[in-house]
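Chemist: Construct the entire structure; sequences and hints are all you get.
The listed protein sequences derive, respectively, from chains A and B. Each residue of the first sequence is one higher than the last, beginning at 1 in our numbering. Each residue of the second sequence is one higher than the last, beginning at 1 in our numbering.
These are calculated hints, taken from the structure and not from any lab test. Mixed in with the good hints, there may be bad ones.
[What the hints assert, rightly or not] Straight-line distance between alpha carbons at most 20 angstroms, and here's what the computed SDA-like set of lysine to any residue pairs gives: (1) B:K202 x B:Y167; (2) A:K5 x A:N37; (3) A:K202 x A:V169; (4) B:K77 x B:N118; (5) B:K155 x B:I217; (6) A:K106 x A:K129; (7) B:K137 x A:T87; (8) B:K129 x A:K5; (9) B:K197 x A:G171; (10) B:K137 x A:N37; (11) A:K137 x B:E89; (12) A:K97 x B:K106; (13) A:K97 x B:E218; (14) B:K129 x A:D133; (15) A:K137 x B:K155; (16) B:K106 x B:F91; (17) A:K137 x B:N124.
[To be verified] Quick partial rundown of chain A residues pointing at chain B, CB under 8 angstroms, derived from the structure: (18) Y75; (19) I78; (20) A132; (21) L136; (22) R166; (23) L199; (24) N203; (25) T204; (26) V205; (27) V208; (28) K209; (29) I212.
Note that CB positions come from ideal geometry on N, CA and C, so glycine has one too.
Each chain, letter by letter, is given below.
There are 2 protein chains.
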Amino acid sequence: MSEIKVVLVDDHQIVRDGIKALLSNSLGIKIIGEAQNANEFFADLKKQIPDVVLLDISLPMMSGIEISKILKTDYPKIKILMLSMYTSEDFVFNALKAGVHGYLPKNTTRDELVLAINEVFKGNGYFSKSIADTILKSYVKSAKFGNNVSSDTVKVLTNREQEILRYVVEGIKNPTIASRLSISIRTVETHKASILKKLELKNTVDLVKFAIKNKIIEL
Amino acid sequence: MSEIKVVLVDDHQIVRDGIKALLSNSLGIKIIGEAQNANEFFADLKKQIPDVVLLDISLPMMSGIEISKILKTDYPKIKILMLSMYTSEDFVFNALKAGVHGYLPKNTTRDELVLAINEVFKGNGYFSKSIADTILKSYVKSAKFGNNVSSDTVKVLTNREQEILRYVVEGIKNPTIASRLSISIRTVETHKASILKKLELKNTVDLVKFAIKNKIIEL
DNA sequence: CTGTAGTATAAGTAAAACACGTACTTAAAT
DNA sequence: ATTTAAGTACGTGTTTTACTTATACTACAG
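Modeler: Structure follows, in structure tokens:
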């Protein structure tokens, strides 16, 4: 099997040198190029195509995220291994959304870096322990709290009000509601007004958001 | 430090015996009770409170998920370690939603079981490698595909239309939008109408739902 | 038995949203 | 070069909604 061709993209000379040193005597991995920013990198891509790009997330001009998005469409075969000082959920999520294949913190070890390069080259995902932990925590959090605001709040509404609310958030207009329930439009409006007041909301838009939060309607 | 008191809940004698055997000579862990189903378990709870409950996910009468939910409200201090033959996303997600502290497949090793019991006892989460992989994959998938229908669907809208849309779904009224953007109310209305037409929606309520689905606004 | 709180009902007026038609600009398409 | 389409922008007339105020009925506590 031939060597994995890697390109380094980082705006700090020291970081690039550090990575080169780390990978200097790794069999099967060859650094065929390096770039300080997106421009240099894309220029280089016209001459040679790497298998894997080690991409810093924070770069001047164009971020690693932006670069990833472009790579996904223009060079879908290139695997992206994101390197970042940050392991916060936001960064990781955006990187994943941009389609990176792996994500490592910069304080990674030589062995993990080599392993990660090999894994993403093979088409697998690779996420370091701390990144995986971040993802896990976020997943657990969203599973636990994400949805069940509970329907206690709705209970301050009278039955009639809840009924009206259901119609309103289905997008049914007041006149239609009125004829369906055989009451005056004015009455529907009054109920709606009390609902808004009780729930401390301003308008129908808020009402829809409230209804979704409280699982009165599905998206 | 005193021993961790554990209760086993599984409807199969063999499984319970297996676990007991696995944990028989583990220092610091003591099995203080076992149950075949929810009724037995809750009856036992009135006599003694364990630190950790090893809970099978599939039980007759009441599932492990249901039991977990009750435990979370009635005995919030008890840590729940779910045991399951299934590692599919759906099971894991529902278990997490029900508030379990850890999740292990039944083919786990003695060492991992002991580790997991200790971790959840300490208040940490514990998820076996395969479960963690399941979660990771799901997270990666949702990051990649789940959410950004927006970038595609919203793009049929012109910049101006997207701008108007953002205002509308924030609950800002047309006259306000008009003055903010220094255009006529009619113009705002026209844009809104084109948005509805392009997105094949009927009214503002639908627009809000669309915006939430496509992450234009947060709940 | 009577006052009060909660609910359901409704009308009048002001404000907002909607439907429809028109017009100017720009950028492809022919 | 001219047509076509898309984006942006307004005005008029009608419908719908928001806001305010008001009445009737019920249940329940004093």
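Chemist: Each hint needs a verdict: does it hold in this structure or not?
Modeler: Hints, verified against the model:
{"no.": "1", "hint": "B:K202 x B:Y167", "result": "holds, 18 angstroms"}
{"no.": "2", "hint": "A:K5 x A:N37", "result": "holds, 19 angstroms"}
{"no.": "3", "hint": "A:K202 x A:V169", "result": "holds, 14 angstroms"}
{"no.": "4", "hint": "B:K77 x B:N118", "result": "holds, 15 angstroms"}
{"no.": "5", "hint": "B:K155 x B:I217", "result": "holds, 16 angstroms"}
{"no.": "6", "hint": "A:K106 x A:K129", "result": "holds, 13 angstroms"}
{"no.": "7", "hint": "B:K137 x A:T87", "result": "holds, 18 angstroms"}
{"no.": "8", "hint": "B:K129 x A:K5", "result": "violated, 30 angstroms"}
{"no.": "9", "hint": "B:K197 x A:G171", "result": "holds, 16 angstroms"}
{"no.": "10", "hint": "B:K137 x A:N37", "result": "violated, 30 angstroms"}
{"no.": "11", "hint": "A:K137 x B:E89", "result": "holds, 16 angstroms"}
{"no.": "12", "hint": "A:K97 x B:K106", "result": "violated, 33 angstroms"}
{"no.": "13", "hint": "A:K97 x B:E218", "result": "holds, 17 angstroms"}
{"no.": "14", "hint": "B:K129 x A:D133", "result": "holds, 12 angstroms"}
{"no.": "15", "hint": "A:K137 x B:K155", "result": "violated, 32 angstroms"}
{"no.": "16", "hint": "B:K106 x B:F91", "result": "holds, 14 angstroms"}
{"no.": "17", "hint": "A:K137 x B:N124", "result": "holds, 11 angstroms"}
{"no.": "18", "hint": "Y75", "result": "violated, 17 angstroms"}
{"no.": "19", "hint": "I78", "result": "violated, 17 angstroms"}
{"no.": "20", "hint": "A132", "result": "holds, 6 angstroms"}
{"no.": "21", "hint": "L136", "result": "holds, 6 angstroms"}
{"no.": "22", "hint": "R166", "result": "violated, 12 angstroms"}
{"no.": "23", "hint": "L199", "result": "violated, 13 angstroms"}
{"no.": "24", "hint": "N203", "result": "holds, 5 angstroms"}
{"no.": "25", "hint": "T204", "result": "holds, 7 angstroms"}
{"no.": "26", "hint": "V205", "result": "holds, 4 angstroms"}
{"no.": "27", "hint": "V208", "result": "holds, 4 angstroms"}
{"no.": "28", "hint": "K209", "result": "holds, 6 angstroms"}
{"no.": "29", "hint": "I212", "result": "holds, 6 angstroms"}
In the structure shown, a violation is registered for the earlier hints numbered 8, 10, 12, 15, 18, 19, 22, 23, in ascending order.
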